[in-house]
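Student: Read off the chains here:
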Amino acid sequence: MTRVRIRLLGGFGVVVDDDPVPERAWTRRQAATLVKVLALAPRGRLHREQLMDRLWPYLAPGEAAPRLHKAAHYARRVLGERSVVLAGESVSLFPDEQLEVDVHAFAELAGRAIAQADAEAAAEAADRYGGELLPDDRYADWTADERDRLAGLHLDVLRLAGRWEAVLALDPADEEAHLAVVRALVGAGDRNGALRQFERLERALRQELGVGLSPAAVALREEVLALAPPAPAAAPSLGSRPVLVGREVETGRIRSLVGAVLSRRRGTTLFVAGPRGIGKTTVLVELEQHATGAGMRVGTATAAVTEGAWPFAPVLEALADLSRRHPALLDGLQDSMREEIERALAGATDGWTGQNTHQRLFVATAELLRLAAASYGAVLVVDDAGLADEASVSLLHYLARATSSEPVLLAVGHRTPSGSPALTRLRNALLGRSAAVTIDLGPLDLAAATALVRQRLPDADEELVATWHAATGGSPFELAELARAVARGEDPSAPSLIPPEAPEDAVLALARVAVLGLRFDTDEFQEVLGLTDSEAYELLETALRHRLVRRVPGGLRFRHPLLREVLLARLPPGQEHQAHARAARALVTLDRSPARIGRHLLEAGERRAAVPYLLRAAETEASLGAYADALATLSSIESEVGAADRARLLGLRADLLLALGDRAAADAFREALAVTPDGPSRAHLRVGLARVATFAADYDTARTALEGLEPDGGPHDGELLVAQGVLAYLTGDLAAADAVAGEARRRFTLGGAGTVPLLELIGLQGLLAHHRGEWFQLLDSELRKAVADPRAAVALFDSHLCVAEYLLYGATPHDEVLDLAARLRESAERAGVLRAAAFATALRGEAAMLKGDLDLAWEELRESADLHHDLGSSAGEAHALQRLADLHLLRGDRAQATRLATRALPLARWSTLALHLVQRVYGTLIYSAPDPVEARAVVDRAEATMGVDDECLFCKIMFLVPAGHACAAVGDLDRARDYLTQALTVAARWDGSVWQAMNLELEAHLEQAEGRDERARTLLARAAELFLAAGQVTDAERCRRGGRGADLARSTPPTGSTA
Amino acid sequence: MTRTWDVVVVGARVAGASTALLLARAGLRVLVVERARRGSDTLSTHAMMRAGVLQLTRWGLLEQVVAGATPIRRTLFHYYGDDPVAVSIRPSPGVPALYAPRRTVLDRVLSDAAAQAGATVRHGRAAVELLRAPDGRVTGVRTRDRSGTVTEEHARLVVGADGLRSAVAAAVDAPLRWQGRTATHPLYRYVADLGAEGYEWYYAEGVAGGLIPTHDGLTCVFVAPTRSVLETLLARGTTAEAFDAVAATVPGLGPRLAAATPASAVRVAHGVPGFLRRAHGPGWALVGDAGYWKDPLSTHGMTDALRDAELLARAIASGLDAGDADLPGALADYQQTRERLSRPMFEVVEQLASMSWDRTLVQQLLRTLASTMVEEVEMLEALPPWPHLPVLPAAAAPAGTTPRVPVG
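Read top to bottom, the protein sequences are chains F and Y. Reminder that position 253 of the first sequence reads as 252 in numbering that gives the first Met the number 0, one-by-one numbering, no gaps. Reminder that position 57 of the second sequence reads as 56 in numbering that gives the first Met the number 0, one-by-one numbering, no gaps.
Be a bit skeptical, because a hint or two may be false.
Interface residues of chain F toward chain Y, partial, derived using beta-carbon atoms under 7 Å [claimed, not checked]: (1) Gln97; (2) Ala183; (3) Val185; (4) Ala187; (5) Asp189; (6) Ala327; (7) Asp330; (8) Gln333; (9) Asp334; (10) Leu370; (11) Ser374; (12) Ala821.
These aren't lab readings, by the way, just hints derived from the structure by calculation. We treat Cβ as the ideally placed atom computed from N, Cα and C, and that holds for glycine.
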């Protein structure tokens, strides 16, 4: 009998007697797969239908049978005639030989060891586990359950055998294993090793929301800490926290602020600002303690750029802290939202496909914060926010607005000046809408300085304090340091944050570690310095003893940011590069975040080496929706990237620009295409180019880009179909658009390979549905479906702009539009599709404005502009700003209108939707001009700068009508006539809208200018009727009044004519 | 016959049996009287939330209670027929999962544990009257068993744990601190083969429902229509027909129920608006539904009862320990803590039970409800363990016969 050994663990291999079957013998993949499936089955035998179902789950038995025969045929060619035997209804593998499969041998041994709780047998079984089951078939359905079962069994025997390090290598968050390692280390007298193990555990737990050390682990950690307490510091202890002095006013304000947030149940943002060392953190700690005492739920974090391992880090860390303190909150947070936050916490990069996933993260974080705040109130503290990434600031802004009617206090600490334009904008935006307050910390006065010094130095005399007060400019940190130095018997004339008795080599070592950031862990410390365990521990003890660092959950932290800065300054000249290089290599060894590694390499001047890490970092940023940060990361390495990575970089950049709605995306796609070889990536880029070109109405380019591309079962079919559909729609081929959209929809529903940009598809279907009068129902129901579907992508809702205009100026009553848009916004928020929520909010603002409810309009448009800004959607922001400008016009504030429209103009111009937006913005600028002459000049400027591609067939009228009025007002009647003719052509494309009324009003203006008052009155009366019929009362009223000479500078602009 | 106790507890269901158990474990002489038979059933949603399961673990009773019950590891929310929203129930210390035990099991385990801890537990005996001192102070209860035998039981404190329609609360005329206005009117039935994935809650226009997997593979199903709908249906047909008719209006629930097997008759709970009564007075205290009732749509009654039993028992143990003079102060603390923890939930349940929400509002209310639950979990997690005395085997020390020294 032949002995046949089959290996499935760690890879596939067959050995017949002692001869391995060479890999190249398997010319047919299906033949190998057949052998693997049979080998995995008990006794190497399966019912043929079961077998076919595993191999070809999508085929009917009739279609699968011939494939089975073919696969068996090829398997026999490799392994011999009696290797695969079909007998009756069953298929067997080597039925006549001695078959040994490693999986079964391992499972049997492991099962027996576990049943008998036999540690030795477990160790033996663990040794027989050759690795993951069939790693090359990781995505085959038939392996998934078995792989998990075997991996679980492997972990079980490892635990039973007490092989804790091996358990941790597989599951770094296994607390039982960590604690076992800790106990072993404690048993060996290794206190520092045990503490390091706790750091590792806490690190692993950080990626999961609401999970911290168990009570048992906390107790053990306390025990370990108490084992050999470090010698107490020489300075007199003030307890865990110095008493706050000289900040009575600020403390009072904090207390009343907390009280107000709780009693009025309104969200507020507090900015605590001041120069370094002024006590911002101390004030924030005071806030934290007071709020906790008032029953509020608090989470805090500090942003420090060198620690920034992933986008949104400080805000997410504050929320993670909140969840660790109140884990039961997660009983109220839906799984999809928790997973979204955890994905971001882990800095996950699961292949970004250009979709706006961060919107779901925004919604999820807001929900968690609302949940925490409901009934008890919540405080989220982000300190040192000037160092936060741009994405974090956007998220903070969103959270501030999303919780404006909840008892939430966002506390943001930052240095002045913050050095972060994003933070400055956040501050101004929130202060501008009275949604924020500030505490700007100044120096302590002499009395407070005296109190502070005497806390540490009870006998300090007045003269000494006065001298110090003058020398430090009243900086509490420096005063405290001076007092501390004297208390330790040091020379106060040369105060140093570093105690003079601290050994110089320890200080230098810490200086080298300081490049890691404010916080680091023992592993990093040791690796950066290249020390043995005992050397590292000794050095750490020294640092702890001299209070250079202190222990914090998960690691160590420099006593104060200023101390870290002083340490960095101690690095000998030229050593900083080296320190960063060492840090980078240490982080590589420890497999830490690519972003950190890459940034250290940049700092070290090793730009080329940084490329692969920062590329990965940019992919993470993109995947988590930190687009602006991702673009900045890419541009930091652009000049260094080699040929191999160039295509990857340019492709990512193009996707990012498209996601941001930046018109530069078109050129970016072309650039990427120029260096990308044929294959799926290229197809993706061509689709991307087609999408940008379609938005810009450059249909020829779009067509060329898509030419020859056909769905091929690959991952990009969905986006290809949608791009084809949108192009067909916009070029008037509705039948083709409908067919392609239907096909895309079918694939999506079937859950086929790859992603379908679902909401963009919904957008297309929406446009099609609009033709059938079913637009809103469709959007609403689609969004509702998208709620639970993680594949739901986010579309560029801006493509609905035209549809929205039909709706606003068509027959739908404004109240109905308001209501519909509110529902749309609701479902969009639930789905985490904030782009759609922003769009719906703008729509409400527009409807409110047309209806004459200017307060509501202001509120909604303002919110829409902010939300679009946070999402990086310049098109949406431009649109909302332009509408806000219109609103100011209605209120008679031309200057403000001009300001907003001027802000909207560049955003509109550089957005992918320029063709819809630019002309509207110019329309508004014409109306907001201070006098007719200037208005006429705006017309000329517009004509000179609007490109030919700045024209949407419909949206054009938003410029033509105001331009006509402007020309008529200064007597340029020929040009005015010309604009009127063009406007009539546009309006003729859509019968029964208020555009007719707008044109009548313009015509009346012309008739007046030419002295035909009678005719002008008739026209105005008709215009008034049409406006009234459309519910635009203000416009109707103006036409009724406007009996004579509609002097542009004195008349109110028609609300309809700017859109 | 007259006897003297430290505490007489009227009612041996969740709140009463738990209070008696804890007091007995603290070494007090405790009598519990319960009108119903041992192990009898009662109308309930069964659902325990995290704080409730935590209590059973802390008292060492979880395993007994949940043997044979379906562990609940996630909650599904069905809003207006949309795809359900899932929330996983993650294990935490003392709470491996949630459970919704049958009352025949839970109430029996608790009263048996009370007896085993040394309390005298008398089922089938009703409290018929309160005994009072000349100054009006409650000094005990007069009880009567099924045979008509009347006994007088004197006590330093009488605890009313006799439920929603508490006779003790009525006799002492416990003042109302808050009175709600809204109530739902749920119809209940047990169903087999339903395959609920955990707790499943349904909310739609003017109707709510719930699936609560309990013991023996059964699921307790409730549907709650508005009062007018219920009245119309009951005027027209049987309760079972009313149940089916209401279930049919809950999007997504009707077909699931139609495919499952009814395992009991339908019972109707005519809603009672929530209230919070003063929790103590001279010689008396209230716990459980007797003192604090909120609509069952909260599915939080048992959890609160398990929580408040310990708050009350701690107050009593410390109050009596230092001589009766300290008792009023300790009971006042109990009332304050109970109200601090209950008031936010009371308010949100009041709105929930109005059934006049829409899709957005109901989600907001449930978010607030979830948020309020966190507070009690954290409070209980922070409590030190109950001062255990070694529990004597029942054979060695017949229940209720061995007075023990109170521990401090």
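Student: Does the nearest C-beta of chain Y fall within a distance shorter than 7 Å of the C-beta of Ala187/F?
Tutor: Violated - the Cβ of Ala187/F stays beyond 7 Å from chain Y, reaching only about 29 Å at its closest.
Student: Under 7 Å, Cβ to Cβ, is where Asp189/F needs to be relative to chain Y, so tell me if that hint holds or is violated.
Tutor: At 28 Å from the nearest chain Y Cβ, Asp189/F fails the 7 Å test, so the hint is violated.
Student: Does the CB of Ala183/F sit less than 7 Å away from some CB of chain Y?
Tutor: Violated, because the Cβ-Cβ distance from Ala183/F to chain Y comes to roughly 24 Å (cut-off 7 Å).
Student: Mind checking the CB of Ala327/F against every CB in chain Y and telling me if the closest is under 7 Å?
Tutor: holds, 4 Å
Student: Interface hint check: Ser374/F, Cβ to nearest Cβ on chain Y, cutoff 7 Å. Holds or violated?
Tutor: holds, 4 Å
Student: Holds or violated: Ala821/F as interface residue toward chain Y, Cβ cutoff 7 Å?
Tutor: Hint violated; Ala821/F Cβ to chain Y Cβ min 10 Å, cut 7 Å.
Student: Does Val185/F hold up as a contact with chain Y if the rule is Cβ-Cβ below 7 Å?
Tutor: Violated, about 22 Å.
Student: So, as I understand it, the hint says Leu370/F touches chain Y; can you test that by seeing if any CB pair is closer than 7 Å?
Tutor: holds, 5 Å
Student: Next item in the hint list is Asp330/F. Is there a CB on chain Y closer than 7 Å to its CB?
Tutor: holds, 6 Å
Student: Would the hint on Gln333/F stand, with a C-beta cut-off of 7 Å toward chain Y?
Tutor: This hint holds: Gln333/F lies near chain Y, its Cβ roughly 5 Å from the closest one there, short of 7 Å.
Student: Do the numbers back the hint for Gln97/F, that is, is its least Cβ distance to chain Y under 7 Å?
Tutor: Hint on Gln97/F: violated, closest Cβ of chain Y at ~45 Å, above 7 Å.
Student: Given a cut of 7 Å on the nearest C-beta pair, is the interface hint for Asp334/F held or broken against chain Y?
Tutor: holds, 5 Å
Violation of the numbered hints given earlier is confined to hints 1, 2, 3, 4, 5 and 12; the remaining hints are satisfied by the structure.
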